[in-house]
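Chains as they are written, first to last, in our numbering: chain X, 1307 to 1620; chain Z, 19 to 574; chain A, 1182 to 1394.
Think of the hints as simulated: they come from the structure by calculation, not from any bench. Warning: the hint list may mix true and false statements.
Per label pair, the in silico range of CB-to-CB distance [stated by the list, open to error]: (1) Thr46(Z) with His1306(A): 57 to 67 Å; (2) Leu1260(A) with Ala162(Z): 43 to 53 Å; (3) Arg1564(X) with Asn181(Z): 38 to 48 Å; (4) Leu516(Z) with Gln1198(A): 32 to 42 Å; (5) Lys311(Z) with Pro1556(X): 56 to 66 Å; (6) Glu1201(A) with Lys48(Z): 26 to 36 Å; (7) Ile1378(A) with Asn1613(X): 38 to 48 Å; (8) Pro1315(A) with Arg1560(X): 23 to 33 Å; (9) Gly1534(X) with Leu154(Z): 57 to 67 Å; (10) Ala1361(X) with Ile455(Z): 31 to 41 Å.
Some chain A residues well away from chain X (every beta-carbon gap over 12 Å; in silico) [to be verified]: (11) Gln1199; (12) Phe1222; (13) Tyr1232; (14) Glu1234; (15) Gly1235; (16) Met1276; (17) Tyr1299; (18) Gly1312; (19) Ala1319; (20) Arg1320; (21) His1338; (22) Val1348; (23) Arg1354; (24) Ile1381.
Values in this document were obtained by computation on a predicted structure and should not be read as measured data. Just so you know, even glycine gets a beta-carbon here, dropped at the ideal spot from N, CA and C.
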Amino acid sequence: MKFPFFPEQASTSAQQVDSLYFVLIGISVFFLAIIFLPMIYFLFKYRRGHRANRAPLNISTMRIEVTWTVIPLVLAMGLFAWGAKAYFEMEVPPANALDIDVVGKQWMWKIQHQEGNREINELHIPLGRTVKLTMASEDVIHSFYIPAFRVKQDVVPGRFVTEWFQPTKVGAYHLFCAEYCGADHSKMIGTIYVMPLADYQAWLNRGSGQDTLAQSGARLFRELGCSGCHIGPGTVRAPPLEGLYGKLVPLQTREIVRADDKYIRDSILLPNSQIAAGYQPLMPTFQGHISEEELFQLIAYIKSIANKEPEVAK
Amino acid sequence: MKELATTLERETPALIGSDENYLSAGHTLKSWLLTTDHKRIGLLYLFSISFFFVIAATAAALMRAELVTPQGDLVTSETYNKLFTIHGVLMVWFFLIPSIPSVLGNFIIPMMIGARDVAFPRLNLLSWYLFIGGGLFALYAIVAGGVDTGWTFYAPLSSVYSNTHVVEMATGIFITGFSSILTGLNFIITIQKMRAPGLTWFRLPLFIWSMFATSLILVLATPVLAITLALMVLERVWGIGIFDPKLGGDPILFQHLFWFYSHPAVYIMILPGMGVISELISCFSRKKIFGYKFVAFSSMAIAVLGFLVWGHHMFVSSQSIYAGMIFSILSFLVAIPSAIKVFNWVATLYRGSISLDTPMLYALGFIGLFTIGGLTGLFLATLAVDVHVTDTYFVVAHFHYIMVGGMVSAFMGGLHYWWPKITGRLYPEKLGQLAAIIMFFGFNLTFFPQFILGYLGMPRRYHAYPPEFQIYQVLSTAGASILAIAYLLPVIYLIWSLKHGKKAGANPWQATGLEWKTSSPPPKHNFDEMPIVTEEAYEYPPLSDEGRELEVSKDA
Amino acid sequence: MPEPQSIVAEQFEDAAQQCEAATLGMWTFLVTEVLFFGGLFLAYVVYRHAYPEGFAAGSRHTDLFFGTLNTAILLTSSLTMVLAVQAAQANETKMVMRCLLWTLALAGGFLVVKGFEYHKDIVEHLVPGAGFSPELPARAQMFFWLSWAMTGLHAIHVIVGMGLISVMTWLARRGKFSAEYHTPVEIVGLYWHFVDIVWIFLYPLLYLIGRHA
């Protein structure tokens, strides 16, 4: 009978997490020892009927109390600091990551690569590159969990969340939904395939023929009527979107925000929440008329025109 | 055992050998259902929570049976989801939270402080009826088809997407919540205002300190649960949009509100158990608790700090990482007072006179299992590790070590300890010791493999799972069968003892504490004359080398 | 001279302990009520921060006249409540009853005004849901949900308070209270002041803030 004891270490984070884990086990064993061993010893030595010196201890207990308060406190703070530092690194994605979009819904994971490849419950990624997932849920809270990478992120409806990792080992690893989401929660599982870079390129090309995410987004941009106001002479009424992504945007409320994924999403779904300075609140909301996947496509399109100059109105 | 003559017994000889007690004062159903006697109310709660425990344990048994095989082949996934929801809801709100406070607290607190009853006896009865009322709603929800949201009721699953009887269940919990609030309120006033003359705060048994701290949490935290459930129900019924993102709501707001209550709730569950352990360790070492003041203040510190750590349930929820860091450091801090208590309990054993009666076995088991559970809490407080193990079996193991290994052990220990006082009978000691030992081993076999499962990555609330996890699930189910025996045994012999157990005297354990100064079972009014306290808590006589009482010279 | 000892419940040592226990009990209960309302206030603060223009629009559509009138009514009812407690301390039963009845009447008046206000809101399509007025931004619905929930919860507490005051009036009529024993009047007074204070917080949050934004 196989007794698997430990998950594979397949990402750059896994080692830090495991080191912390082993130190925690060590500290736990230490404390269990200093609690159980004296306890068992006392149970024997001081059992009723057994001769032993039971004269009451007339010493100040304050020093003892302070010692066994301060030492655990110091250890605790050390563990906290190490854990927090590792957590910070794990939660803040590095720049230049490979962006992949994920939509969770009851009860499957839909993955879209920028090149247009789509997967369901599977994610192919290249070895050695940082991957950043931007995720959305269509319905309830899910959670994207890859035990071998030691990463997990709840996918909350109504917002984007991100998760990043860098795989260090070729192989196939479990993907689990880790936030209870209804009837088939335990079937919302899949596989992460880590492949050497060349194989990954080949895999991407095998799916070629479909539009890239940005091309799908461009098509949607026209179909939904966005281009009517946001591109060309119509931009008198609406902010031009060429060259927008990543820039700072002054709002009517005098705030300045960065035009990132969240900004684009909120502008499409809640256009009156952040009105750009100098414009009227004219844009209709697309809440209920656009799916999470389509939102990702539009964002990819807007990212793709980030380096273009807006047309000047003639 | 030689009974020590006490002031009370010398002055009221009529009490010794009296047949009139709270049990014989009225045999009609009405005398029970309309009682305002805190002792009878404690027993009413004992029957009620046992009933809910049986249902919740049955749900667990079905779950463990299903989990023996990786495929979902015993029940459908919908049924499985309802089973773990019912298990969680009933165990948390209809068993664990009321257990020690409403059973042992109600019975013992007035006697321990030398009072005739709690401050508001009719409110106490109302608390029980609210408990029953809430329980009826919960039962209805179960019988009508169950609930499948998990005991945590996360939105928008609970408020928008679930198709089960969420409203009825939430209503039941809402009503029962008021039972908790009123019980806590009653205890606060009772402890504050009705202590016997001479019973200053630092002469109180530590059980009272724990119950006071628990009662503070009960009254402050439970109302937040009530309003949260009410909002969730309003959203479900009228689509108000408070948690539904499609209507502008925020699912994370639900989590903040829910955990603001539910984290302190776990301290509601464990603090009374810790109070019981202090009583047991002291009595069965025949020694004052080491570091009395530190243990007392630790209870208060746990109550206060317990309100500041709720976000550690939300480290991966998309909560701000800086908020996560604050919650993490506070979670480490809240572990410290618990550690202080454990060290002090073990230190109490030093130079004591230890006897391994059943209550003591449960207390020692508590120290072992609670310590393991508490240490694994450190793993969860550590942010980077929590990302990996949250929402896995690691968490399930952690809280079962504390709740079942800790809390239920403490409840069993306290029940056995005060059983002679409550019933006037002694339970069969050897069977008691056997059950306690079986429980310890059964428990570890059930839940230790789950730590391994969790780190391997098996998520919780999974009906079916990848085959490589099976070995640990099989071990866990095997342990659960043993645990079931360990819980069944006491039920059998405790009921047996009611008729056939040896009759108990006023103080079979030779313990200190005012509750032992009245007969077993006590009279309806607890004390005929108000006791006056002149001693510190746990004033056990000095010990000889063999651990017996030192013969004090009579001309002291 | 009435014998206070006869109204002391058997679990208490004396009347003083009973009185202190009852008062402390009511204060503790009021603390739980603070936390109960607190959840709603928290939700209000969170969503006001998230949707400032929706909340400002909603605030502008509340009826300042009704709100201010109700504030005056409730504050006056607290005054009559205080007078009732004072009268009880001075053993003036008729005055106690008069003041309690005035408090009851004012409380009823509060509910009547609230009724008019709710009716007006319904007529103006300010009930969130399918029929919500299209003139307001969508997020104003959140304001109105919270406003209905908070004022509704408050109104339930007013109704409960009216019940308690009625019972106190009846007990006063039956001569239950005296200079030595009037604890129930005092603690009902405490409850009533709490109900008033909740409104003092609701009024600016719902009627005043954002009105001129």
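Hint check results:
| no. | hint | in the structure |
| --- | --- | --- |
| 1 | Thr46(Z) with His1306(A): 57 to 67 Å | 59 Å, holds |
| 2 | Leu1260(A) with Ala162(Z): 43 to 53 Å | 50 Å, holds |
| 3 | Arg1564(X) with Asn181(Z): 38 to 48 Å | 41 Å, holds |
| 4 | Leu516(Z) with Gln1198(A): 32 to 42 Å | 36 Å, holds |
| 5 | Lys311(Z) with Pro1556(X): 56 to 66 Å | 60 Å, holds |
| 6 | Glu1201(A) with Lys48(Z): 26 to 36 Å | 32 Å, holds |
| 7 | Ile1378(A) with Asn1613(X): 38 to 48 Å | 59 Å, violated |
| 8 | Pro1315(A) with Arg1560(X): 23 to 33 Å | 29 Å, holds |
| 9 | Gly1534(X) with Leu154(Z): 57 to 67 Å | 60 Å, holds |
| 10 | Ala1361(X) with Ile455(Z): 31 to 41 Å | 32 Å, holds |
| 11 | Gln1199 | 40 Å, holds |
| 12 | Phe1222 | 23 Å, holds |
| 13 | Tyr1232 | 7 Å, violated |
| 14 | Glu1234 | 7 Å, violated |
| 15 | Gly1235 | 9 Å, violated |
| 16 | Met1276 | 56 Å, holds |
| 17 | Tyr1299 | 28 Å, holds |
| 18 | Gly1312 | 18 Å, holds |
| 19 | Ala1319 | 7 Å, violated |
| 20 | Arg1320 | 8 Å, violated |
| 21 | His1338 | 33 Å, holds |
| 22 | Val1348 | 47 Å, holds |
| 23 | Arg1354 | 57 Å, holds |
| 24 | Ile1381 | 30 Å, holds |
Comparing the model with each numbered hint stated earlier shows that hints 7, 13, 14, 15, 19, 20 do not hold.
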